[in-house]
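Read off the chains here:
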Amino acid sequence: MSQRTLYDKIWDDHFVAQREDGSTLMYIDRHLIHEVTSPQAFDGLRQNSLIPRQVGTVVATPDHNVPTTDRSKDIEGIKDPISKLQVVTLNDNCDEFGINQFKLNDERQGIVHVIGPEQGITLPGMTIVCGDSHTSTHGAFGSLAMGIGTSEVEHVLATQCLVTQKQKNMLIEINGQLQKGVTAKDVTMFIIGKIGTAGGTEHVIEYAGSAIENLTMEGRMTLCNMAIEAGARAGMVAPDEKTFDYVANRPFSPKGSDFDKAVKYWASLKTDPDASFNATYSFEASEILPQVTWGTSPEMVAHIEDCVPETIEDDKTVKSALDYMGLKPGTKIKDIEVDQIFIGSCTNSRIEDLRAASKILIGNKISNKIKRAIVVPGSGLVKKQAESEGLDEIFKSAGFEWRDAGCSMCLGMNPDQLKEYERCASTSNRNFEGRQGYKGRTHLVSPIMAAAASLEGKFMDVREI
Amino acid sequence: MKNSNLYSGEFACLEKANIDTDQIIPKQFLKSITKKGLGPYLFDAWRYNDEGYLGKKLADREINSDFVLNKSDYEGINVLIADENFGCGSSREHAVWALKDFGINVVIASSFGDIFFNNCFKNGVLAIKVSQESLNEIFKEQKENLQKQIEIDLINQKIKIPNIKSINFDIDDFRKNCLLEGLDDIGFSLKYESEITNYENKIKKLRPWILND
Ligand code: SF4
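Here the protein sequences line up with chains P and H, keeping their order.
In the numbering used here, each number is its position in the first sequence, counted from 1, plus 251.
In the numbering used here, each number is its position in the second sequence, counted from 1, plus 67.
There may be inaccurate statements among the hints.
[Said to hold, decoys possible] Straight-line Cα separation of at most 30 angstroms, DSBU-like style, residue types lysine-lysine; simulated pairs: (1) H:K196 <-> P:K567; (2) H:K196 <-> H:K83; (3) P:K512 <-> H:K271; (4) P:K330 <-> H:K269; (5) H:K243 <-> P:K417; (6) H:K258 <-> P:K419; (7) H:K189 <-> P:K260; (8) H:K123 <-> H:K83; (9) H:K272 <-> P:K515; (10) H:K269 <-> P:K417; (11) H:K196 <-> P:K417; (12) H:K258 <-> P:K260; (13) H:K258 <-> P:K417; (14) P:K419 <-> P:K330; (15) P:K567 <-> H:K138.
FYI, nobody ran anything at the bench for these hints, they're computed from the structure.
Please put together the full structure from these sequences, using the hints given.
Here's what the structure looks like:
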């Protein structure tokens with residue numbers, strides 16, 4: 252048999268049929284659901300008298316639209332009636348169709364992309380979909396994980412298959428040792444800066460090389476999370492011993508002989524040595540410095556010692572981004588002052604992120620220039636773990652607010668938003684106009700860079716702390 | 068819903084790269100639990116000078132008269148032409164629902180965000196990729212001659228704009244048929260019911276941890 256990539260192997264193993272129109276039906280192993288992109292899909296099922304084909308493969312949780320402050324009143328505590336209706340609708344739909352849901356007051360509730368891996372719902376070699384573009388996160392486990400639209404959510408519920416076409420293979424290799432203070436977030440932002448936000452379009456990216464192998468599972472999730480920001484539908488890392496150890500003994504993962512059988516299968520999924528890729532990039536880990544975005548697209552990124560672009564007259568896109576961001580051409584990144592700090596989102600809200608950020612803050616106070624700094628753990632269980640390690644106390648005594656799990660200020664559908672023209676150092680993944688609040692200004696950074704910025708009220712080089 | 072082969076009408080250009088779905092329909096409108104009524108909020112932050120919310124009345128809005136879709140010349144357009152990587156970012160299908168509700172049934176760009184591109188066809192919106200050169204030619208023709216007439220021949224895969232050589236485009240057969248025939252996608256897939264069942268029986272043995280019922 253010819254040499255195949257990890258993506259080729261998963262593709263082949265999930266091929267169900269070729270439809271007459273030339274598209275492929277790909278079998279879906281896991282389907283994650285949240286309140287924002289599912290109501291219209293459930294309506295569609297009802298209208299067509301359909302039910303989920305494999306209800307046991309579906310798990311739901313509310314995350315985008317939930318308050319991160321007081322949860323004591325459960326759903327009744329959601330002040331915005333439209334947000335509340337959306338969460339109630341999710342409950343009703345899950346109840347009606349028998350879908351397993353981690354409800355708002357369940358300690359397992361959290362951002363879909365955090366709870367999937369945490370619960371062992373996400374496993375290597377699987378096809379995973381969710382009506383959310385950052386589903387690419389789950390590719391960290393060597394699964395093929397893709398964001399889909401609401402019509403596709405309905406289609407997958409009804410048929411357990413996705414109508415799709417084979418994408419091209421892209422390899423991104425990072426070899427060598429990352430500098431101290433440089434994280435998976437910096438790696439993924441660096442890559443987007445190099446290949447652009449459309450660089451991965453129509454491709455599935457496989458990340459490889461010694462620097463990627465050395466990342467923790469949480470780091471790999473951060474890396475794959477932003478594959479979509481490079482235009483790719485999915486990003487993946489080959490599963491290895493680290494992956495198997497991580498998934499072992501999680502609530503939803505296979506046990507006993509099934510687990511051994513699974514590991515044997517998972518270990519066979521690695522890209523064959525002579526498999527070919529349609530596109531290949533290779534970078535040296537040591538080139539990567541802590542990254543900060545300065546514009547309104549994730550590709551508008553610089554490193555901490557750099558400046559925002561100096562010449563803008565001939566580039567309308569850069570000019571309009573700097574206008575929106577309220578930055579003068581040539582400003583040093585280190586001179587940019589911020590108003591808010593947000594540590595959270597499916598990119599960086601896992602326990603390691605919180606541990607790393609809290610280390611910077613031990614015994615320190617945030618600058619009085621900071622109007623608000625919040626930490627939003629990715630799930631109720633991450634929150635609980637952090638509290639058992641005393642991380643909440645470190646954050647709180649430094650001046651951060653300690654919140655409940657959800658997407659929060661990553662997209663500000665709930666009350667956590669930037670005010671007009673406020674500037675935020677954010678560990679999320681999108682710096683689009685208005686993303687964190689109407690006319691708000693977002694700079695994407697790693698959790699330790701966000702923590703460092705909180706101390707001075709402006710960006711600083713975390714390597715110097 | 069079937070579409071006819073010919074789409075004719077008027078176009079407007081948004082000469083900007085990387086227009087993400089957060090711009091097409093900002094987050095506060097994703098709270099909707101239906102597909103309808105999002106047209107008034109299409110490009111909300113660009114179309115209005117005040118902050119919008121779901122249900123805010125048009126009469127209460129401050130219109131940004133500089134924005135192309137607010138210019139009287141472009142009233143009633145049904146084709147939107149934008150620069151590369153249109154619809155990148157979030158998977159929100161609300162972006163397509165908003166375009167459609169506004170009256171746009173064709174979008175043309177040199178490249179698209181993948182998920183947005185798929186979402187278009189699922190809703191009967193034709194998304195066409197053309198080369199950057201063709202795109203620049205169209206932008207120029209609109210600017211210089213205030214051109215807005217356009218005709219798209221889906222069967223023959225051609226875009227016709229006065230003063231410009233007709234532009235050929237590629238489209239997958241399944242997407243083309245989907246638009247022309249107005250296929251019920253789920254119904255079509257369910258014709259493969261026995262293949263799906265066979266596949267499930269196979270993986271129950273091969274990978275028993277997938278379907279643990
Ligand atoms: S944290 Fe942000 S990017 Fe992640 S799923 Fe939630 S809204 Fe989307």
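Holds or violated: K258 (chain H) and K260 (chain P), Cα atoms, limit 30 angstroms.
Holds, because 26 angstroms separates the two Cα atoms, which is no more than 30 angstroms.
Between K269 (chain H) and K417 (chain P), does the CA-CA distance stay at or below 30 angstroms?
holds, 22 angstroms
Straight-line alpha-carbon gap K196 (chain H) to K417 (chain P), limit 30 angstroms
At roughly 18 angstroms apart (the allowed maximum being 30 angstroms), K417 (chain P) and K196 (chain H) satisfy the hint.
Going straight from one Cα to the other, do K258 (chain H) and K417 (chain P) come out at no more than 30 angstroms?
Within the cut-off at roughly 21 angstroms; holds.
Taking only the CA atoms, is the gap from K196 (chain H) to K83 (chain H) under or equal to 30 angstroms?
holds, 15 angstroms
Could you grab the alpha-carbon distance between K196 (chain H) and K567 (chain P) and see if it respects the 30 angstroms cut-off?
Holds, at roughly 22 angstroms.
Hint check: K512 (chain P) vs K271 (chain H), CA-CA at most 30 angstroms. Holds or violated?
holds, 13 angstroms
Between K258 (chain H) and K419 (chain P), does the CA-CA distance stay at or below 30 angstroms?
Within the cut-off at roughly 28 angstroms; holds.
Does the structure keep K189 (chain H) and K260 (chain P) at a Cα separation of 30 angstroms or less?
With Cα atoms ~28 angstroms apart, K189 (chain H) and K260 (chain P) stay inside 30 angstroms; holds.
Given the hinted pair K419 (chain P) and K330 (chain P), is their alpha-carbon gap at most 30 angstroms?
violated, 45 angstroms
Given the hint that K330 (chain P) pairs with K269 (chain H), test it: the Cα-Cα distance must not exceed 30 angstroms.
Not OK: K330 (chain P) and K269 (chain H) at ~49 angstroms, beyond 30 angstroms, violated.
Proposed proximity, K83 (chain H) with K123 (chain H) (alpha carbon, max 30 angstroms)
holds, 27 angstroms
Comparing the model with each numbered hint stated earlier shows that hints 4, 14 do not hold.
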